[in-house]
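Protein chains: 2
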Amino acid sequence: MSDKKLVKEITSRDEDFAKWYTDIVLKADLIGYSGVKGCMVIRPYGYAIWENIQRILDKRFKDTGHENVYMPMFIPESLLNKEKDHIEGFAPEVAWVTHGGSELLSERLCVRPTSEVLFCEHYKQIISSYRDLPKLYNQWCSVVRWEKTTRPFLRSREFLWQEGHTAHATKEDAVFETERMLDIYADFCAESLNMPVIKGIKTESDKFAGAVSTYCIEALMHDGKALQAGTTHYFGDGFARAFDITYSSKDNKLEYVHQSSWGVSTRLIGGIIMSHGDDSGLVLPPSVAPIQVVIIPVAQHKEGVLEKARELEERIKSAGLRVKLDDSDNSAGWKFSEYEMKGVPLRLEIGPKDIEQNQCVIVRRDTREKTFVTLDNLEGEVAKLLRELAKGIYEKALANMNARTYICQNIDEMNTKLSENGDGFIKAMWCGEEACEDEVKEKTGAGSRCIPLNEEAEGHISDVCVCCGKPASCLVIWGKAY
Amino acid sequence: MSDKKLVKEITSRDEDFAKWYTDIVLKADLIGYSGVKGCMVIRPYGYAIWENIQRILDKRFKDTGHENVYMPMFIPESLLNKEKDHIEGFAPEVAWVTHGGSELLSERLCVRPTSEVLFCEHYKQIISSYRDLPKLYNQWCSVVRWEKTTRPFLRSREFLWQEGHTAHATKEDAVFETERMLDIYADFCAESLNMPVIKGIKTESDKFAGAVSTYCIEALMHDGKALQAGTTHYFGDGFARAFDITYSSKDNKLEYVHQSSWGVSTRLIGGIIMSHGDDSGLVLPPSVAPIQVVIIPVAQHKEGVLEKARELEERIKSAGLRVKLDDSDNSAGWKFSEYEMKGVPLRLEIGPKDIEQNQCVIVRRDTREKTFVTLDNLEGEVAKLLRELAKGIYEKALANMNARTYICQNIDEMNTKLSENGDGFIKAMWCGEEACEDEVKEKTGAGSRCIPLNEEAEGHISDVCVCCGKPASCLVIWGKAY
Numbered sequence: 017m018s019d020k021k022l023v024k025e026i027t028s029r030d031e032d033f034a035k036w037y038t039d040i041v042l043k044a045d046l047i048g049y050s051g052v053k054g055c056m057v058i059r060p061y062g063y064a065i066w067e068n069i070q071r072i073l074d075k076r077f078k079d080t081g082h083e084n085v086y087m088p089m090f091i092p093e094s095l096l097n098k099e100k101d102h103i104e105g106f107a108p109e110v111a112w113v114t115h116g117g118s119e120l121l122s123e124r125l126c127v128r129p130t131s132e133v134l135f136c137e138h139y140k141q142i143i144s145s146y147r148d149l150p151k152l153y154n155q156w157c158s159v160v161r162w163e164k165t166t167r168p169f170l171r172s173r174e175f176l177w178q179e180g181h182t183a184h185a186t187k188e189d190a191v192f193e194t195e196r197m198l199d200i201y202a203d204f205c206a207e208s209l210n211m212p213v214i215k216g217i218k219t220e221s222d223k224f225a226g227a228v229s230t231y232c233i234e235a236l237m238h239d240g241k242a243l244q245a246g247t248t249h250y251f252g253d254g255f256a257r258a259f260d261i262t263y264s265s266k267d268n269k270l271e272y273v274h275q276s277s278w279g280v281s282t283r284l285i286g287g288i289i290m291s292h293g294d295d296s297g298l299v300l301p302p303s304v305a306p307i308q309v310v311i312i313p314v315a316q317h318k319e320g321v322l323e324k325a326r327e328l329e330e331r332i333k334s335a336g337l338r339v340k341l342d343d344s345d346n347s348a349g350w351k352f353s354e355y356e357m358k359g360v361p362l363r364l365e366i367g368p369k370d371i372e373q374n375q376c377v378i379v380r381r382d383t384r385e386k387t388f389v390t391l392d393n394l395e396g397e398v399a400k401l402l403r404e405l406a407k408g409i410y411e412k413a414l415a416n417m418n419a420r421t422y423i424c425q426n427i428d429e430m431n432t433k434l435s436e437n438g439d440g441f442i443k444a445m446w447c448g449e450e451a452c453e454d455e456v457k458e459k460t461g462a463g464s465r466c467i468p469l470n471e472e473a474e475g476h477i478s479d480v481c482v483c484c485g486k487p488a489s490c491l492v493i494w495g496k497a498y
Numbered sequence: 017m018s019d020k021k022l023v024k025e026i027t028s029r030d031e032d033f034a035k036w037y038t039d040i041v042l043k044a045d046l047i048g049y050s051g052v053k054g055c056m057v058i059r060p061y062g063y064a065i066w067e068n069i070q071r072i073l074d075k076r077f078k079d080t081g082h083e084n085v086y087m088p089m090f091i092p093e094s095l096l097n098k099e100k101d102h103i104e105g106f107a108p109e110v111a112w113v114t115h116g117g118s119e120l121l122s123e124r125l126c127v128r129p130t131s132e133v134l135f136c137e138h139y140k141q142i143i144s145s146y147r148d149l150p151k152l153y154n155q156w157c158s159v160v161r162w163e164k165t166t167r168p169f170l171r172s173r174e175f176l177w178q179e180g181h182t183a184h185a186t187k188e189d190a191v192f193e194t195e196r197m198l199d200i201y202a203d204f205c206a207e208s209l210n211m212p213v214i215k216g217i218k219t220e221s222d223k224f225a226g227a228v229s230t231y232c233i234e235a236l237m238h239d240g241k242a243l244q245a246g247t248t249h250y251f252g253d254g255f256a257r258a259f260d261i262t263y264s265s266k267d268n269k270l271e272y273v274h275q276s277s278w279g280v281s282t283r284l285i286g287g288i289i290m291s292h293g294d295d296s297g298l299v300l301p302p303s304v305a306p307i308q309v310v311i312i313p314v315a316q317h318k319e320g321v322l323e324k325a326r327e328l329e330e331r332i333k334s335a336g337l338r339v340k341l342d343d344s345d346n347s348a349g350w351k352f353s354e355y356e357m358k359g360v361p362l363r364l365e366i367g368p369k370d371i372e373q374n375q376c377v378i379v380r381r382d383t384r385e386k387t388f389v390t391l392d393n394l395e396g397e398v399a400k401l402l403r404e405l406a407k408g409i410y411e412k413a414l415a416n417m418n419a420r421t422y423i424c425q426n427i428d429e430m431n432t433k434l435s436e437n438g439d440g441f442i443k444a445m446w447c448g449e450e451a452c453e454d455e456v457k458e459k460t461g462a463g464s465r466c467i468p469l470n471e472e473a474e475g476h477i478s479d480v481c482v483c484c485g486k487p488a489s490c491l492v493i494w495g496k497a498y
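As they're listed, the protein sequences go chains P and U.
Okay, so the first sequence: first residue is 17 according to the numbering used here, each after it adds one.
Okay, so the second sequence: first residue is 17 according to the numbering used here, each after it adds one.
Please note that a few of the clues may not be correct.
A pair counts as met if it fits within one copy or between any two copies, since identical chains are not told apart.
As the list claims (entries may be wrong) - No more than 27 Å apart at the CA atoms, straight line, and that leaves these computed lysine-lysine pairs for DSSO-like: (1) Lys53 <-> Lys100; (2) Lys333 <-> Lys75; (3) Lys164 <-> Lys35; (4) Lys78 <-> Lys324; (5) Lys486 <-> Lys457; (6) Lys53 <-> Lys98; (7) Lys164 <-> Lys407.
None of these hints come from the bench; they were simulated from the model.
Go ahead and model the full structure; you've got the sequences and the hints to work with.
Take a look at the structure:
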């Protein structure tokens with residue numbers, strides 16, 4: 017029987033990165049388009065990646081004392097209007113519900129673009145004493161932002177995410193939470209997505225609407241463009257004052273709570289694709305891969321091959337790994353391409369000769385390295401290869417980030433580096449003036465990504481601002497971004 | 017230190033069932049009200065019940081070959097209009113988005129009340145051959161129906177649910193799926209919610225908009241009113257024709273697919289409350305209880321008590337159970353009331369005297385029965401008591417259903433039974449005419465709930481319709497409903 021579809025061709029990554037990306041999301045069966053611009057169908061294979069991300073993060077959140085809740089998806093216009101900066105930031109991009117059935121609503125409702133105001137309204141109801149604090153809430157849901165330009169996973173009008181919202185007695189507690197969640201996000205990206213990130217703080221102009229400070233993790237994609245992969249926000253008592261969320265302290269004084277919020281989204285899937293993928297398709301981090309090992313029987317019509325393949329499937333499954341045996345009648349060649357496209361970390365081949373020698377062949381998706389593995393220690397070898405692949409793709413992404421990180425003293429140098437070496441992160445000093453930030457972006461295309469944390473040692477690369485030459489106040493990472 | 021809040025009083029269940037229900041959802045911290053009528057906040061304790069329901073059902077779905085996906089929340093008006101019956105059923109109760117930011121949309125979008133048309137649009141894109149079938153998809157999401165009268169969990173404008181949508185090559189396959197999922201729902205209600213249900217088929221007038229046949233599970237609440245707890249729908253090829261979803265069969269003919277859909281929602285939480293709750297609050301089925309065992313140390317200031325309590329907590333946790341130790345400084349009396357209100361199945365008390373005797377006291381939430389349990393076999397005894405409680409509340413709910421199920425021959429008898437014995441299920445024959453169905457409802461308040469399945473033996477209780485006296489075609493279960 018002929019193969020059910022032809023081997024899928026995709027655009028080369030170096031030829032047209034944007035087209036390569038679109039090819040992958042479609043040909044690896046991650047998404048489908050819907051009739052509403054910017055709203056995508058997340059197909060089973062794409063959604064399974066998201067379920068793995070959810071499972072791992074949800075455990076981390078719960079292990080640190082967070083509880084899940086569900087807030088309504090609708091926000092009355094008057095509620096959204098309560099915090100001035102917040103509404104200014106979000107009003108231009110919300111979807112408005114005006115009718116319920118055939119009736120005109122007395123007040124418009126927006127579909128949540130984020131849920132700060134809903135959590136505030138609820139916190140006002142349930143917080144009264146210091147004994148009620150902290151409140152460490154999280155929700156998994158979809159949100160809507162009416163973007164003009166959209167791309168699957170990276171920027172869509174509706175996307176899935178989690179949003180943590182917390183209330184604390186003191187500023188210190190809220191700042192601790194904001195930084196703790198940033199660390200959790202960064203660890204998760206490194207350990208589970210094998211994607212190195214830089215932790216930093218956003219400049220004033222790039223802060224979340226309503227925040228005192230916004231922290232972020234920034235990753236560098238294969239093409240040298242930055243991806244903001246997650247953010248955490250410290251709100252001070254701004255929302256608490258706007259919503260009148262107070263508690264009576266131990267010495268019986270009425271105090272405002274201090275708040276934080278933090279979120280990551282399906283955008284992370286875009287980050288995985290652009291960090292690890294290659295010209296044959298996806299390369300998935302083992303922790304979130306829907307299938308970690310695909311077993312492909314060779315000469316499966318021969319006696320004993322399928323039986324042995326099923327036995328290996330069972331053994332790998334029993335070891336707690338996600339395994340799939342493809343015993344369909346498609347050719348081995350078709351299967352090889354298919355699971356490469358889908359980024360399955362390990363391919364295990366087993367045929368009559370292997371069985372004779374009590375071994376199998378395992379091929380790594382990232383390096384295509386072949387290993388002959390004795391069946392006696394199959395589970396151990398598979399686990400080891402998965403660990404090595406995870407480490408390998410992390411190091412490759414880190415090497416890309418390092419090779420594409422340039423230290424610059426002035427705008428000319430920035431432009432030279434970017435045109436000679438391609439896009440990347442630029443480390444350069446800044447005076448702190450928004451005018452300079454804007455000018456750098458205008459002249460180089462690279463905006464300020466963040467003021468990196470933990471850069472004390474290497475932070476001071478010049479005394480003067482990369483733009484105006486006046487005294488510099490801090491190091492900034494600049495880059496073009498998704 | 018005084019207790020952080022007073023012991024909570026709730027309305028008696030027999031005095032005012034509706035008020036009792038509202039008291040429980042608020043005082044057991046299941047929900048909070050939001051600023052939008054009919055949209056509730058699901059608080060951590062309520063959401064944890066839903067997470068347990070999701071976990072158990074999701075595993076059942078995946079074990080039967082279903083895959084999760086995510087469809088957009090917006091449906092363009094023209095797409096909703098494609099299937100005539102479907103739009104007629106849902107148009108009066110959808111929320112319409114008309115603006116994105118400040119821009120008027122060229123076409124209104126409704127917030128999904130259910131996602132048949134979105135799945136159809138997608139299936140048209142991805143199904144072409146018999147090899148692509150069946151498609152067994154499910155999604156967990158929230159949906160919106162602009163109801164006039166709302167009650168937490170039972171009928172809200174936004175609610176959480178899962179919706180399965182499947183496409184099959186043949187009618188037989190689709191009907192099999194529709195009935196299989198009904199069985200899974202019924203088993204789940206019995207085993208995991210300890211809530212007995214009747215499986216049946218809806219009459220023509222009560223079918224889902226667009227379905228050939230709608231199956232349902234109906235439970236009887238403590239007050240004798242019915243709760244539709246889940247539905248599964250067989251669509252035939254109606255949607256396939258409207259959306260032109262075809263596949264080429266093995267002998268290369270173009271055929272329409274046959275479809276099903278099925279869903280349960282947060283309404284199940286309302287069912288749990290009204291099936292098992294009592295005048296002290298919730299009584300939760302062990303399978304979905306966020307806390308299965310609460311440990312309350314007695315005289316916890318005495319040496320060794322808290323240490324022993326923590327040791328027991330660790331042991332119960334290691335046995336895979338959900339346990340909470342309340343070592344707060346609230347009084348034991350306050351704690352007793354609090355965890356009774358929250359419906360925690362087992363309360364474990366441990367004090368100095370118990371420790372001396374190497375035992376503890378375990379109290380069942382449903383019967384308040386006390387058992388002295390030797391610590392040597394603590395895990396085994398806890399597991400046994402949880403099983404017994406699950407069985408006990410199931411049997412109690414079943415006894416309520418049986419005691420409140422009346423066989424009637426005519427409308428007068430129906431009214432007599434309902435007024436003398438209170439609301440309940442009425443088994444009576446029906447001719448099949450909608451006029452009679454309407455008349456029964458008008459004269460008794462009891463609508464047709466379903467034509468029960470598996471009632472061959474006891475099904476024939478009369479030859480004539482309970483309403484018109486003409487020849488009857490089937491047995492119907494009638495009842496007032498939520």
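Alpha-carbon proximity context of Lys164 and Lys407, limit 27 Å
neither (38 Å within a copy, 56 Å between copies)
Please sort Lys78 with Lys324 into within, between, both or neither, judging by C-alpha distance up to 27 Å.
between (41 Å within a copy, 25 Å between copies)
Classify it for me, Lys164 with Lys35: is the Cα-Cα distance of at most 27 Å met within a copy, between copies, both or neither?
Answer is within: at 19 Å inside a copy they meet the 27 Å cutoff, but 48 Å across does not.
Could you place Lys333 and Lys75 in one of the four classes (within, between, both, neither) given a Cα distance threshold of 27 Å?
Both. Shortest intra-copy (22 Å) and inter-copy (16 Å) distances satisfy the 27 Å Cα cut-off.
Intra- versus inter-copy proximity for Lys98 and Lys53 (alpha-carbon distance at most 27 Å)
Classified as between: cross-chain Cα gap 19 Å, same-chain 30 Å, threshold 27 Å.
Check Lys53 against Lys100 for me: Cα-Cα at most 27 Å, and say if that holds within a copy, between copies, both or neither.
between (30 Å within a copy, 24 Å between copies)
When Cα atoms must be at most 27 Å apart, do Lys486 and Lys457 count as within-copy, between-copy, both, or neither?
Classified as within: same-chain Cα gap 18 Å, cross-chain 83 Å, threshold 27 Å.
Checked against the numbered hints listed earlier, the structure breaks hint 7 alone; every other hint is satisfied.
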